[in-house]
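Protein chains: 2
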Amino acid sequence: MNQKNIYVKNMPLGEAKEKWQDALQKISFFDSAHVTKISVEDALGQVTGAPVFAAHSSPAYNAAAMDGIAVHFADLAAASDAAPVRLTGKQFTAVNTGNCLPQEFDAVVMIEDVHYLEENEVELAIPATPWQHVRTIGEDIVATELILPVGHKIRPIDQGAMLATGVTKVLVKEAPLVQVIPTGSELIQPGVAPGPGQIIEFNSRILTGYLNEWGAKATGASPVSDDKEKLRTAISDAVKKNDIVIINAGASAGTRDYTSTVLAELGEVVVHGVAIKPGKPVILAVVNDTPVIGLPGYPVSAILTMRLFVHEMIYNFMDMQKPASQWTAARMSRPIHSAMGVDEFVRITLGQVGTELMATPAGKGAGAVMSLVRADGILTLPAGSEGVGAGEEVQIELLRPLTDVQSTLVAIGSHDNIIDVLANLLHKGRKAIRISSAHVGSMGGIMALRRGEAHLAGSHLLDEKSGEYNISFIKRFLADTKLQLINLCYRQQGLMVAKGNPQAIKGFQDVADKHLSFINRQNGAGTRLLTDKTLKDMGLKPSDINGYEHEEYTHMSVAAAIANGSVDCGMGILAAANALNLDFVPVAEERYDLIIPKQFMDDKKIQALLELIRKNDEFQTLVNSLGGYSLRDSGNIMYEQ
Amino acid sequence: MNQKNIYVKNMPLGEAKEKWQDALQKISFFDSAHVTKISVEDALGQVTGAPVFAAHSSPAYNAAAMDGIAVHFADLAAASDAAPVRLTGKQFTAVNTGNCLPQEFDAVVMIEDVHYLEENEVELAIPATPWQHVRTIGEDIVATELILPVGHKIRPIDQGAMLATGVTKVLVKEAPLVQVIPTGSELIQPGVAPGPGQIIEFNSRILTGYLNEWGAKATGASPVSDDKEKLRTAISDAVKKNDIVIINAGASAGTRDYTSTVLAELGEVVVHGVAIKPGKPVILAVVNDTPVIGLPGYPVSAILTMRLFVHEMIYNFMDMQKPASQWTAARMSRPIHSAMGVDEFVRITLGQVGTELMATPAGKGAGAVMSLVRADGILTLPAGSEGVGAGEEVQIELLRPLTDVQSTLVAIGSHDNIIDVLANLLHKGRKAIRISSAHVGSMGGIMALRRGEAHLAGSHLLDEKSGEYNISFIKRFLADTKLQLINLCYRQQGLMVAKGNPQAIKGFQDVADKHLSFINRQNGAGTRLLTDKTLKDMGLKPSDINGYEHEEYTHMSVAAAIANGSVDCGMGILAAANALNLDFVPVAEERYDLIIPKQFMDDKKIQALLELIRKNDEFQTLVNSLGGYSLRDSGNIMYEQ
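Respectively, the protein sequence lines represent chains H and V. Numbering-wise, the first sequence is residues 0 to 640 according to numbering that gives the first Met the number 0. Numbering-wise, the second sequence is residues 0 to 640 according to numbering that gives the first Met the number 0.
Here chain H stands alone, though its shape is the one from the complex (with noise of 0.2 Å):
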C-alpha cells in the first residue's frame, strides 16, 4: 500500500536538542578537535590550537624611534636656547627610524632639533631625558609573552604580531569534514531546464556554503536516487571519512522517504520530527560515531533547520563557542498567529519606515528561496506563544547588517517592472540603496502605508464611477495621511494569451464565448478593478469567465501560469507577457502612480528615486525598452494632500 508507514514525531525542540547533545556526547564528538601545524602566512582565518607566545623579543635590540641623531643624554644636560652645546666626532652618530642604537648611546634627538655646523658637528638647544626617542628592546613584546590565546581566529594584525616576533609555525585547529548527501530521483544537475517532476539539485550548494562559512570543510555529492541500498551505501561510506554528514532530503514520512529506515538500520535515530516549522520531519541520528542529520527538502527549511542543529556542532567541534548572532528591535507592522507547541521561525524584512524600524513577513513558503533571499532577519515564535500582534515589540536575529537595512527602502503595493529596473539604477555604483518590493496589489499597498510597513506604495485603482486613477481612494483609506502622488507611468494591460495566440483571442467577449480558461488577479489589485470594470462595461458577469475565481498575485505569476500552458489568458502588463514571450491584446492604458507620505520626502533614498524618474536618460531607455509604457508624466505631482 502507498501510505506512509513511519510517523514523524514532534518533539519540543529543547528535548530534541539535549537528546542530540547527550548523543553527541557519548560519541565523544566534542573531544574529537585536532590541532594541525601550518605557516603563519597561510593561517589567515584560522583557528589558534593553542596559545602563541613570542619566540624573541620586538624591538629585538634598541632602536631610534625616530630620524635623528643617537646621542648621550648626559652630554645635553647643560644645553639651552642660551647656552647650546656642541657634540662632535664620536659623540654623537645620524640614525634612521628603526636603526639599531649603538650601546655607547641612550638617547636620540629628532632631526628637527638638531642644527648641523659641519658633516660631523652639531649644535642642540634642548636637554635630552635618558632613552628618549628609543624604542627599548621588547618595548612592544617580550619572548615568551603571550601572544594570541588558544581558539583566537587569526587576523592579519595577528599574522604581523607572530612574523615580528620569530613565530613561523602555528597550530591551528581542523575544521571538521561534512559530506552533504542530496537524495531524491527528481534531482537533476543546474544547466538543465526541469522537466515535469524534476528539481534542479541546488540545496548542496547552499547548505555547504553555509557549512563553510561556519568553518567546517565541507563537500557535494553526487545526488542519490530513491533507491534503499544506493542510499545505505552512500551513508556507510560518508561516515567513514567525514566528521557530519548531511542528508538532503528524505527526511519527512513520504512514500519513498527510506532516510530514517536506513539509518535506523545503520545506526540509531535519537530524533526523528521536532515541533518546529518550518523543519518538522528533520532526523538526528549517530551511525559509526558519526552525527548524521537527515535535513527536510524544502530548502527554507533544510537552512533553518541546518542554523538550528549543525550550526553549532561546528563551532563545538573544535571546542569553541558558535559566534553571537546580531539582534535588533524592531515593531510589527501586522499581526502573526502561531501555532501553540510548536517553535516557528519566520522569515522577516525590515525596514527604517520614520524613527521606527518596522518588521513584516517575508513569505511563508518552505519552497520559497526568494523570500530567504529577500528576508532581513528571522522572528522566533516560540513554542508557547500564540503570535504577535500589530505594534507590538520583537527581538529579530538579523541576516545582514542593519546599515544594509537602514539604507532599503520598501516599496509595497502593485507590482510593475520599473520597479526592478529602479533597484537596479538605486543599487548600482555607490549609491548603494536597496529596493524591498513586496508585491501586494494597489489595496495592500495603501494598507501597509497605513500601518506605516513602507516608504512609498505603487497604485492603479481606477475609480469606476470617476474614471479617476488613486484620488479616491487615497482619501477613503489615507485620509489623515500628508501625501504626494506621483506618477511612475502608464501602461498598457490586456490579456496575456499563448505565442501566436492559438485561440485567436480578441478580448474578453471571445474567453466568455468560447470558455476559454482565464487567471485572475486578487482582490483590491488594479488590475482586478480594470477586469471588473472592462467586465461590466461589457455587460459581462464573473460567471461568465472560466477560472474568474482563479487568483494569482502579480503580474508574473498570471503570465508564467499562461506559459505553461495552464490556463489560456489573463489580464496584465505587455512588460510581463513581452518577458515570458507571451502575445499580448492590448484592453486599456492604465496610469501608475506612487504614493509618497511627506514625511519621507526628504529622505535621501526617496530623493534618489525621484531624482532618477525625473532626470535620468538610462532609466528612460531601460523602460522604453521593455515596452508598453509611456512616461509622459513620470515623477509629476498628480496630487496631494
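Rather than coming from a laboratory, the hints here were simulated on the basis of the structure. Yeah, the Cβ is synthetic: ideal placement off N, Cα and C, and Gly gets one too. Treat each hint with caution, since some may be false.
[Said to hold, decoys possible] So the derived list for chain V, only partly shown, Cβ under 8 Å to chain H, looks like this:
1. Thr96
2. Asn98
3. Gln131
4. Glu138
5. Val141
6. Thr143
7. Asp157
8. Ala163
9. Pro193
10. Gly196
11. Pro360
12. Gly364
13. Ala431
14. Ala560
15. Arg613
[Unchecked claim] Simulated restraints on C-beta separations:
16. Arg399(H) / Asp601(V): 32 to 40 Å
17. Thr354(H) / Pro83(V): 51 to 59 Å
18. Ser624(H) / Lys168(V): 21 to 29 Å
19. Asn9(V) / Asp80(H): 42 to 50 Å
20. Asp601(V) / Thr354(H): 31 to 39 Å
21. Lys603(H) / Glu17(V): 43 to 51 Å
22. Glu122(V) / Ser235(H): 35 to 43 Å
23. Pro83(V) / Gln502(H): 36 to 44 Å
24. Gly364(V) / Ala382(H): 31 to 39 Å
25. Ala54(H) / Tyr552(V): 27 to 35 Å
26. Lys18(V) / Lys603(H): 24 to 32 Å
27. Glu117(H) / Tyr552(V): 38 to 46 Å
28. Gly364(V) / Lys597(H): 35 to 43 Å
29. Asn580(H) / Ser221(V): 28 to 36 Å
[To be verified] Once the Cα atoms are required to be at most 25 Å apart in a straight line, the calculated BS3-like pairs of lysine-lysine come out as:
30. Lys36(V) / Lys430(H)
31. Lys168(V) / Lys152(V)
32. Lys152(V) / Lys321(V)
33. Lys464(H) / Lys474(H)
34. Lys427(V) / Lys16(H)
35. Lys18(H) / Lys229(H)
36. Lys513(V) / Lys532(V)
37. Lys216(V) / Lys216(H)
38. Lys321(V) / Lys603(H)
39. Lys152(H) / Lys430(V)
40. Lys464(H) / Lys540(H)
Starting from the known structure of chain H, fit chain V onto it as the hints suggest.
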C-alpha cells in the same frame, strides 16, 4: 651632508582626501571596473557585475506541496464527516512533496487526511479548495524576475536562487590587483632571528591580508633594498601590472627614504605629508595612470593610513560603496590630550565594566603591533579637538565584534605570568572569555579600579611599616569601594642576572659594591616598593645603585634588558627569569592578590576565573611548571570591605 632635504608637509586630512579624489578621477580610476563571467558555483562572496534575472520559473511546474494524493477539488465539494466521499481509480493519484501535479488535478489532500480503503480507493471527509497544497508554477520566482541587483555580494542562498532558476553563470566584478612592495635594506624574511639593525619584514603580510579582506587581489613582493635605481625599477614594473601599488616604507624623510623622490621622477606626487597621527609622512602619487601609495614604515601607521586612503579605493574601483563600520558609544576612563591641527587616531581597549562600556587608550607607539592586536577600536580626535576628558562619552569604531568585547574580563595592574595562564584557560573551549590585561603596576591597577576601567586589579603592594600586603593601600585609595581581596599566589622575587651569573651577584650589596648596572621598575610598582624596602633594610641608598633611575614597566621588559646584555641585573619574578633563560638570585617571597569590587562578583566571567584558581587541576599544574610560585592561599579571601 646627512640631514634631511625633503620636507614633509602637514596637509589637513580633508584637503588631502579631496586632492587624492581629484587625482584618481583624472586617471579614470573609478571607471576602470571590469566584470567577468564565472560559474555560479564559484561565485560565493563575489559581487554581481550586472543584475541577475531568473532564466526560468521556480517551481517550473505545478508541484505537490505535501505528501498525499492529487485530486480534482470539485470532486470533494460535498465531503464531510457525515458523508465522506470515496475516490477510486483515475480520480486520484498518490503524490510526494515536489512531484509534478498531473494536468488533470488541481488540488492535493495531505496524507494525514486520507483514509485508504484499498490501494486504489480512498475515503475523504474534508472538502478541498482549488490549488490547495500545490506550489503553482512560478510561485517562488517567475522567469525574467530580478533575483539580485548589481553590486550585491553573493551569499549561499543567492547561489541557490540562481541555480534554482536556471542561472549557472554570473557576471561578477573583477577585484583590483594590488601589489605591496616592502622597501629597506634592514628587512629580513621571517624565520631568521634579526641581528642588530635588522627588521623582520612582516608589514607586507599584514597589509596584503587586509587588502584581500577588503576584496582586492593583493600580492606581496621581495623587499627592495635602499637603492634608488632598484626602487625605480620595482615601481615601474609594478604600475604596469597592477591597479594599485603600495610602497612600504620610505614615506618619511630619513636619509635613505627615496620613495618620494623616485615617485616625483616617475610620475606625480599628489600629496606628501598629511596632518594625521599616526601616519603623517604618507605619500599619494600617480605613476603611469596608476595610484601609488607610500605608507609609513611603522606597522600601526601603515595600517591606519591604509584604512584612511586605500580601503575606500578598493570598493570604489569596483563601483561600490565601502561597507559601513561598526561603532559603539563608550565612556572615556581617562583623559586624552591631542594636538590641535592633527587628526589623531587612538587605539582603544573597551571594557564592559558594570553597566558602562569604558574606553581606555591601548598604547601609543606606532611600532607597537601588540597594541593593535589588543585594541578593540579606534577613537578619532579630529584636527579641531584638544582631546577628550575623563568620563566623556565618545564614539568608537570597532575593530572586533561588540559581543567579543562584552565577553572580556578587564584586568589592569601588576603583571604576573599567571595572568597569561588564566587568559588561556578562560578562552579555551566554549567559555570563550577573553582577558584584556594592561600592565601598569599595582598602583596603576588600583587607580584603574577607581576610574571604573577594570573588573579586577593584580596587586602586590608591600606596606613598609606593617609588612602587610595591599590592605593599607586599599583602605587609603579604595575606601569607598566594596571589594574582596583574593589571593592569586605567593611568588619569589629576586635579582635576575645573566645565565651563569657571570658577576657572581649574591644580592643588592654586590650590585652596590661592584658598581654593577641595574634596571629598576617604575614608581607605584609592587616590585619597586619591595626593592626600596630591601635597600632600606640593608642600609643602601638609591644613589648606591647604578641605573636605579632607569625604569621599565613589566617584569618581562626588565628581563629582556638583562638577556640582551644591556644591564647586569634587575629585580623580578622567577617566572620571568626562567622565561628568558636567566639566572635568579632570590631576595624575598611576596604575596600577589587580586582586588575585585563586589559589584562584579556575580559576573559570570569573574566566577569562571575564581573557579579556575580555586579548583582547576590544569591551572595548578601549569602554574607549578612555571616555578617560583606557591598556590597555598590561591582563591582565599585575604580581606574584604
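Status of each hint after checking the structure:
1. Thr96: holds (6 Å)
2. Asn98: For Asn98(V), the interface hint holds, since the closest Cβ of chain H sits about 6 Å away, which is under 8 Å.
3. Gln131: violated (12 Å)
4. Glu138: The hint holds - Glu138(V) has a Cβ within 8 Å of chain H, the shortest such distance being about 7 Å.
5. Val141: holds (4 Å)
6. Thr143: holds (4 Å)
7. Asp157: Where the cut-off is 8 Å and the nearest Cβ of chain H is about 6 Å from Asp157(V), the hint holds.
8. Ala163: OK, holds: Ala163(V) within 8 Å of chain H, min 5 Å.
9. Pro193: Holds, because the Cβ-Cβ distance from Pro193(V) to chain H comes to roughly 5 Å (cut-off 8 Å).
10. Gly196: Where the cut-off is 8 Å and the nearest Cβ of chain H is about 4 Å from Gly196(V), the hint holds.
11. Pro360: The hint is violated - Pro360(V) has no Cβ within 8 Å of chain H, the shortest such distance being about 16 Å.
12. Gly364: holds (7 Å)
13. Ala431: holds (4 Å)
14. Ala560: Check passed: Cβ of Ala560(V) comes within 6 Å of chain H, closer than 8 Å.
15. Arg613: violated (21 Å)
16. Arg399(H) / Asp601(V): 32 to 40 Å: holds (35 Å)
17. Thr354(H) / Pro83(V): 51 to 59 Å: Because 56 Å falls inside the window, the suggested range holds.
18. Ser624(H) / Lys168(V): 21 to 29 Å: Holds: the Cβ-Cβ distance is about 23 Å, inside 21 to 29 Å.
19. Asn9(V) / Asp80(H): 42 to 50 Å: The hinted range 42 to 50 Å is violated for Asn9(V) and Asp80(H), with Cβ atoms some 24 Å apart.
20. Asp601(V) / Thr354(H): 31 to 39 Å: holds (36 Å)
21. Lys603(H) / Glu17(V): 43 to 51 Å: Given range 43 to 51 Å: violated, Cβ gap about 22 Å.
22. Glu122(V) / Ser235(H): 35 to 43 Å: holds (41 Å)
23. Pro83(V) / Gln502(H): 36 to 44 Å: holds (39 Å)
24. Gly364(V) / Ala382(H): 31 to 39 Å: violated (55 Å)
25. Ala54(H) / Tyr552(V): 27 to 35 Å: Hint violated: Cβ distance 22 Å, outside 27 to 35 Å.
26. Lys18(V) / Lys603(H): 24 to 32 Å: Given range 24 to 32 Å: holds, Cβ gap about 26 Å.
27. Glu117(H) / Tyr552(V): 38 to 46 Å: holds (40 Å)
28. Gly364(V) / Lys597(H): 35 to 43 Å: Since the Cβ atoms of Gly364(V) and Lys597(H) sit about 55 Å apart, the hinted range of 35 to 43 Å is violated.
29. Asn580(H) / Ser221(V): 28 to 36 Å: Violated: the Cβ-Cβ distance is about 58 Å, outside 28 to 36 Å.
30. Lys36(V) / Lys430(H): Holds: Lys36(V) and Lys430(H) sit about 24 Å apart, inside 25 Å.
31. Lys168(V) / Lys152(V): Holds. Lys168(V) to Lys152(V) sits at ~15 Å (cutoff 25 Å).
32. Lys152(V) / Lys321(V): holds (12 Å)
33. Lys464(H) / Lys474(H): Measuring from Cα to Cα gives roughly 15 Å; hence the hint holds.
34. Lys427(V) / Lys16(H): holds (23 Å)
35. Lys18(H) / Lys229(H): violated (29 Å)
36. Lys513(V) / Lys532(V): Given pair Lys513(V), Lys532(V) holds - Cα atoms ~21 Å apart, limit 25 Å.
37. Lys216(V) / Lys216(H): At roughly 23 Å apart (the allowed maximum being 25 Å), Lys216(H) and Lys216(V) satisfy the hint.
38. Lys321(V) / Lys603(H): Within the cut-off at roughly 18 Å; holds.
39. Lys152(H) / Lys430(V): holds (15 Å)
40. Lys464(H) / Lys540(H): holds (18 Å)
This entry does not satisfy hints 3, 11, 15, 19, 21, 24, 25, 28, 29 and 35, going by the numbered hints stated previously.
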